[in-house]
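Chemist: Here's the letter readout for the chains.
There are 2 protein chains.
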Amino acid sequence: MLGQKLAVRLARDGWQGGPAEVILHDIGFPTSGAPAARRIAGSLSDTGTAQQLAEMRADVIFHLAAIVSGEAEQAFELGWQVNMFATWNLLEALRLERAESDGLYCPRLVFSSSIAVFGAPFPDRIGDDFMTAPLTSYGAQKATCELIINDFSRKGIIDGVSIRLPTICVRPGRPNKAASGFFSDIIREPLNGRDAVLPVPDTVRHWHASPRSAVGFLVRAASLDLDRLEGRRSLNMPGLSCTVAEQIEALRDVAGAVAVARIEPEPDPAIMAIVSGWPCNFDTRRSNELGFVAETDFAQIIRAYLDDDLVPGGT
Amino acid sequence: MLGQKLAVRLARDGWQGGPAEVILHDIGFPTSGAPAARRIAGSLSDTGTAQQLAEMRADVIFHLAAIVSGEAEQAFELGWQVNMFATWNLLEALRLERAESDGLYCPRLVFSSSIAVFGAPFPDRIGDDFMTAPLTSYGAQKATCELIINDFSRKGIIDGVSIRLPTICVRPGRPNKAASGFFSDIIREPLNGRDAVLPVPDTVRHWHASPRSAVGFLVRAASLDLDRLEGRRSLNMPGLSCTVAEQIEALRDVAGAVAVARIEPEPDPAIMAIVSGWPCNFDTRRSNELGFVAETDFAQIIRAYLDDDLVPGGT
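Each protein sequence line maps, in turn, to chains R and U.
Counted the way full-length UniProt numbering counts, the first sequence spans residues 1 to 315.
Counted the way full-length UniProt numbering counts, the second sequence spans residues 1 to 315.
Honestly, I wouldn't trust all of these hints.
[Unchecked claim] Straight-line alpha carbon distances no greater than 20 Å define the calculated EDC-like cross-link-like pairs of lysine to aspartate or glutamate that follow:
1. R:K155 to U:E55
2. U:K155 to R:E73
3. U:K155 to R:E71
4. R:K177 to R:D195
5. R:K155 to U:E73
6. R:K155 to U:E71
7. U:K155 to R:E77
[Claimed, not checked] Residues from chain U that keep clear of chain R, each with C-beta distances beyond 10 Å, as calculated:
8. K5
9. E77
10. S101
11. D102
12. R108
13. D128
14. A140
15. D151
16. K155
17. N288
[Claimed, not checked] What the simulated footprint calls covered on chain R by chain U, stretch by stretch (three residues with Cβ under 8 Å from a Cβ of chain U suffice, anywhere in the stretch; the number is not a length):
18. 125–138
19. 150–160
Hints were generated in silico from the structure; no laboratory data involved.
Each residue gets a CB set at the ideal place from its N, CA and C atoms; glycine is no exception.
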C-alpha cells in the first residue's frame, strides 16, 4: 500500500529535480490499479531475484516488504524467512554487486521499520536511546534488520536508514491480518457505510500517522544527509499519540453520530494482548530536527483519508 | 576457553545435586588439554550437525561459539555466517526437534553475548534499558542473536537468556585476534616473563571480569528462574570498571616494577578506533539482584589468574 502511494508520488514529483525512473518489486502485482512503472515479480527469498534487483543499481532502494504483525505471530518460520532472511538476501546481493564490479556502488536504502521494535514496559515518552525489546516476532524481525542494515552501512556497502513508522492510519482498502488493523477499520469502514469491530477498550492509546505522512517520511529519508545520524541509523518517526476514544470523537466531528454508531465493541483478548505491549508515545525531537513531519490531531488524519483515498460510492 | 573452564567446573561440581553429563561441541578439539567429556566435532553452519546436537536433548545448552571481534571486523561475511546464521541453525534445529517429537522439549539456552552490543556515545553508566547500537560487526551479530533468542523463548521453543559478558581478563593462553586482547596481554605476558604491547593510552577505561567470574555467570544463568526476567532476556553482567593505568598499578602491587617494565606502549589507531566505541561502565543492579557476582578490584582479577591459570615455568 505504501509502496504504491510512494511510486505514484515519485512519478508525479520526480526525483532531485528530474523525472524519477521507478521500478517496482513485489512477489506479484494486481492486474489493475498499480501505478505505471517497470515491474519485477519474484521473491527475495530467491537469491536470483535479489541479484536481479541488485544488478539494476538503483540510486535509492525503498525496502518495504514484510509479512504483517498478526501473520508473523501465527506463522513463526515464515515470518522470520520473509521479514529477516529476505532482507539479508537483498543486502548480500548488493554487497556482491559492489564487490564484483567497480567497488563504488553504494545505494541509499530506506527500510520501513516499525514502533513494534519496542516492548512494554515503557517510559512515558520513548526517546531515541531506549532499548529495543520487542514483544512480537514482527518487532523482533524489524529490530534484527535494523542491526544488519546498520552494519552493512557502517561497512560502506549501502547507505542505509531505518525509519520506525507509527501505525499507519487510516489504511485504505479492506481489513487485513495486521493486529493494528482495527485502528484504521473503525474510521474507514464507517466512512464507507460499513460496520467495524473494535476489539480493545477505547482507553487504548496509540501512535499514528497517515499514509500521506508515511510517504513523506520515506521521501525525506531518501534524500537526507545520513552523516547527520552519526552511525545511529534507526529513527523514530514523528506521529500523533491519541486514544481510541479520541479517534472516535474526531470521527464524530468529521462524519457525525451515524458513522460512530457503525463501531461495534467486540473485545478480542489475542489482539488486546498484542496491543498492550505496543508503545503509545514518543519523544521525536531527533526526527523533527531532521525534517520529518506528521499530523498533530486525529481529524487531520481522517481528512487525509477523505482527500487521498475515499472513493465516493466505491469500496 | 570459557567452554573448557565451564566443562571442568561442571565435571567437578556436578549439576543440581547430581553428576553432570557434559557434551562438548566445537569445530575441532585439541589432541590434549581438553577436559574428559563426550565430544562432537562439526560446524553449526552444517544443519546436520545442528540437528545431531538438538537430538541429544540436553537440559542446558551453553552457546559460546563465536568468531572474535577483530576477526569478525576483517571477515565480514564469515563473521555473520558464524556468529549469526550458525546460531539460527541451532535454534531452528531445536524448534524442529520439539515439533517432530512430543512438543515438550524446551532446553535452557545460555548465550554468551557481549558488551560490544553497545556503541558510543554512552551515558556515564549504562543501564538495562539502554539501546543496542553496536559499532562493530561482532557487536551487531551478538545483538541480533539476542533478539532471535528472545523471540524463540517468547514462543516457548527454548528457555533462553543472553548474558552480556564484560571483557574477560586475564585471558589465559597466548594473544589472539580479539581487539580487546591487549587488556589481558599486558598482565599475562609480564607475569610469564614475556613482553606485551599496549596499543592504547593508559587513560582508556574498560569493563572487566575474570574467567572465573564468567564461568560463575554461565552457571548462575543456567539455574536462574527466567520468569524473573519478565521477557527481557538480555542481562548486563557485573564487572569492574577501571583504567589501563589502574590495571598497571595492580600489576605493580602484585608482581613489582619488573613486570610493569615488560609493557611496551605501541599505539595502534585501528585498535584505538574499535576500543573508543566500547562501553566502560555499567549500572548492573538487575544482574546483582539476580545473584551474579564479579570482582571489585583489579588485583583480585590478577590473583584469579595466578590461582587458576598460571603454569609456573610453563607457557
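Chemist: Confirm or reject each hint.
Modeler: Consistency of the hints with the structure:
Among the hinted pairs, R:K155 with U:E55 is inconsistent with the structure: their alpha-carbon atoms are about 38 Å apart, more than 20 Å. Note on U:K155 and R:E73: the hinted pairing holds, with a Cα-Cα distance of about 9 Å set against a maximum of 20 Å. With a C-alpha separation of about 14 Å, the suggested pair U:K155 and R:E71 falls inside the 20 Å cut-off, and the hint holds. For the suggested pair R:K177 and R:D195, the alpha carbons sit about 17 Å apart, so the restraint of at most 20 Å is met.
Pair hint R:K155 plus U:E73 holds up; C-alpha atoms about 9 Å apart against a cutoff of 20 Å. Restraint check for R:K155 and U:E71: the C-alpha separation of about 14 Å stays at or below 20 Å, so the hint holds. With a C-alpha separation of about 11 Å, the suggested pairing of U:K155 with R:E77 holds against the 20 Å cut-off. Annotated as non-interface, U:K5 keeps its C-beta farther than 10 Å from every C-beta of chain R; the closest such distance is 30 Å.
At the 10 Å boundary, the C-beta of U:E77 falls inside the reach of chain R, the nearest C-beta of that chain being 8 Å off. Distance to chain R confirms U:S101 as a non-interface residue, since its nearest Cβ pair spans about 17 Å, more than 10 Å. With a minimum CB-CB distance of about 19 Å to chain R, U:D102 clears the 10 Å threshold, and the non-interface call stands. At roughly 20 Å, the least C-beta separation between U:R108 and chain R is larger than 10 Å, which holds for a residue marked as non-interface.
Under the 10 Å C-beta cut-off, the non-interface status given to U:D128 relative to chain R is violated; the minimum distance is some 8 Å. Residue-level check failed: U:A140 sits 4 Å from the nearest beta carbon of chain R, not beyond 10 Å. Residue-level check failed: U:D151 sits 4 Å from the nearest beta carbon of chain R, not beyond 10 Å. Annotated as non-interface, U:K155 brings its C-beta within 10 Å of a C-beta of chain R; the closest such distance is 6 Å.
Taking the minimum C-beta to C-beta distance to chain R, about 19 Å, the non-interface status of U:N288 holds against the 10 Å cut. Judged by the Cβ-Cβ criterion of 8 Å, the stretch 125–138 of chain R is covered by chain U as claimed, because 9 of its residues qualify and three suffice. Remark: the stretch 150–160 of chain R is confirmed as covered by chain U, as 4 of its residues place a Cβ nearer than 8 Å to a Cβ of that chain, reaching the required three.
Checked against the numbered hints above, the structure violates hints 1, 9, 13, 14, 15 and 16; every other hint is satisfied.
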